[in-house]
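Residue-level listing of the chains:
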Amino acid sequence: MTAARPDRPKVFQPKMPATWWLKHPKYFLFMMRELSSVFIAIFLVVFLIQIAQLLRGPAAYSAFVQKLRAPGWIIFHIVAFLFALYHSVTWFEAAAKIVVIRRGEHRVPPQAVAGAGFSAWGVLSLVILVLVLLLWS
Amino acid sequence: MSEPTVTLHVTRYHPEHDNAPRRQSYSVPYRQDWVVLDALNYIKDQIDGTLTFRWSCRMGVCGSCGMMVNGVPRLTCAAFLRDYYPHEIRVEPLTNFPIMRDLVIDMSDFMEKLRSVKPWIIRDEEKPLEAGEYLQTPAELEQYKQFSMCINCMLCYAACPVYGLEPEFVGPAAIALAQRYNLDSRDQGHKQRGPVIASHEGIWDCTFIGECSEVCPKDVDPAGAIQQAKVATTNEWFKSLLLPWGKR
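Protein chains in written order, with this note's numbering: chain A, 21 to 157; chain B, 7 to 254.
There could be a bad hint or two in this list.
Within a straight-line C-alpha distance of at most 30 Å, the following computed BS3-like cross-link-like pairs (lysine-lysine) qualify [what the hints assert, rightly or not]:
1) Lys50/B with Lys46/A
2) Lys117/A with Lys197/B
3) Lys30/A with Lys245/B
4) Lys197/B with Lys151/B
5) Lys236/B with Lys117/A
6) Lys50/B with Lys124/B
7) Lys124/B with Lys117/A
8) Lys35/A with Lys224/B
9) Lys224/B with Lys46/A
10) Lys117/A with Lys43/A
11) Lys151/B with Lys50/B
12) Lys50/B with Lys133/B
13) Lys117/A with Lys224/B
14) Lys236/B with Lys46/A
15) Lys245/B with Lys197/B
16) Lys224/B with Lys236/B
17) Lys245/B with Lys43/A
18) Lys117/A with Lys151/B
19) Lys224/B with Lys124/B
20) Lys35/A with Lys50/B
21) Lys46/A with Lys117/A
22) Lys245/B with Lys117/A
23) Lys151/B with Lys224/B
24) Lys43/A with Lys151/B
25) Lys224/B with Lys245/B
Calculated directly from the structure, the hints in this document are not laboratory data.
This is chain B alone, in the form it adopts within the complex (with noise of 0.2 Å):
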């Protein structure tokens, strides 16, 4: 008996050759323990080593294998040929960003964005070393911890349509992590952050589509994060207003 295959047409694009994508198909044998990842790798192995794509931890952790599996955005490293077969599999490279070869995106964009929203902790006055860890209680913890899973994997930026469509939104990722950091007891960077995120192009641009938070595979719900930031800008603002003189 013949070993069953399951049919990937994966998108190609070679820029020194080709003026637009094209798809070419490839036969890789069904084992049910394979993701699509895998799958990828068996081709570059045996059938055509010229095929490009990212990948690094093959565990969910790294962020680097995101592609569109059948038209949605996926870790490859998470997504098993058993949930399509015997169905064909459509891989393309994340959606919203500038193609550079086969599967692999420009992420340049991405990370100019990122560092706008300075993911880090800022504090007024860093206190000296021997004075110790800045401390946070459990409860301090949960205010941010779930966006802080972000594996800054972009599956968000290629579900969004408005990044899709306005280029300048700051996007997902970043606001979520912007959030994070705002949420952090151990954080003072809340003005710095204010005029990328509070502006049009950040959380304003959101219309509250929600898909980043289907198809984030931590579960960071990022769509959450930028509504809950759009409450939190409005009662400064409100504040600000009424009490001009007070401590805001």
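In isolation and in its complexed conformation, chain A is listed as follows (with noise of 0.2 Å):
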């Protein structure tokens, strides 16, 4: 509450609770959004730390990759990896509502502009996965 001032009306100050981001279906999926952001950091210094070990040598390397073969390290992975996924979507769908595309007087609608994005990031997994078989095999 603030404080009584002869000029001005006394007025009810809200506080918002910690919880807020609980209240609201958006506000929690916009809090998963963030958080999955540390995910993928510690991923990427797992990543470059796996690099490191490929640069001090095979056995260096293969003892690394036993120590990701743990239960905890696979599931860690896992999680990442479907909030990577859900970032990107959300990703996507943010760059549509930013880049304005005009045709004549007319903006490209942002639906195209996602679409757009989706199936480029489609395409290139798709490439991707297959030059992973292809070097797999």
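Now that you have both chains on their own, put them together as the hints suggest.
Structure, rendered in structure tokens:
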């Protein structure tokens, strides 16, 4: 509550509860989007360490990969992958709202921009998948 | 057969008697063509004349009757009872604002922020009246038209957790209106608005939750305006870095 001042009416100043993001599904999804970056950051650090182990030689690399086969790390990678997928979806949706492409007087609908982004993402993922499978075999 | 009714749980706060807001319930007749504002007016006319709320045009133009209806910021003149019936309806003042009395919030913070972005056409030099209007093509109008539809109803501020957590944030509507004038081909006030818009309390406080655009009754898309302003400001910054002596 603000202090009473003769020149200003008394008002009630509501406070935002710490659980504000649990009160609305949209706010919850926003927090999940923000949280996803933590998992993606940890994944990237692990990935960088993995590359560093590769430089140290085959023995060091195999030992590190062996460590990553622990159930805890597998669960972490599944969770990080799901968060990365969700983050990517929100990224393309957000980009569509930001990128304004005009054709004459009219704006190209954001759904079309998002569609183009999702298509490019799909095609590139497929190419990478094919390359990985070819290298694997 | 008795007339169907609907129950409204309305926030009450009397600054002289109450330390905190309380809730009062009213039973009002249910009519298919009534909106929440009609129900509030029925309460004021027939049940309790002390209930205080703002309203004016009753047609989604004035932006006065914004309130939280079942936790969602809505213009109560556009929130039909039939969309909630037979469930009970919770009517509260817009969140993130100080409450003055019952459903009336203190909007002075918003008014100050609105003024700070100079939402009017600024010219380096005004043409004399005899020189006629500043002409504009339909394509130039289209650049900013969407952002000019704002009615200052403040629903976007009630939907924005950033504004709730950091009251210094200039906020969705004020930034959207700044963008409306920045994109106007007749305007030359871009640099004057810069210090407010490109500051941390301006566009960079926004984390793009996007709810402001969801609740906007006029499809203004303030979230889009803020992100587009971020891109424009970043481009300008790079230009000033790469072309420090050139024309920016």
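Next item on the list: Could you work out which earlier hints the structure fails to respect and list their numbers in ascending sequence?
Entry: Those not satisfied are hints 1, 3, 6, 11, 12, 17, 24, 25.
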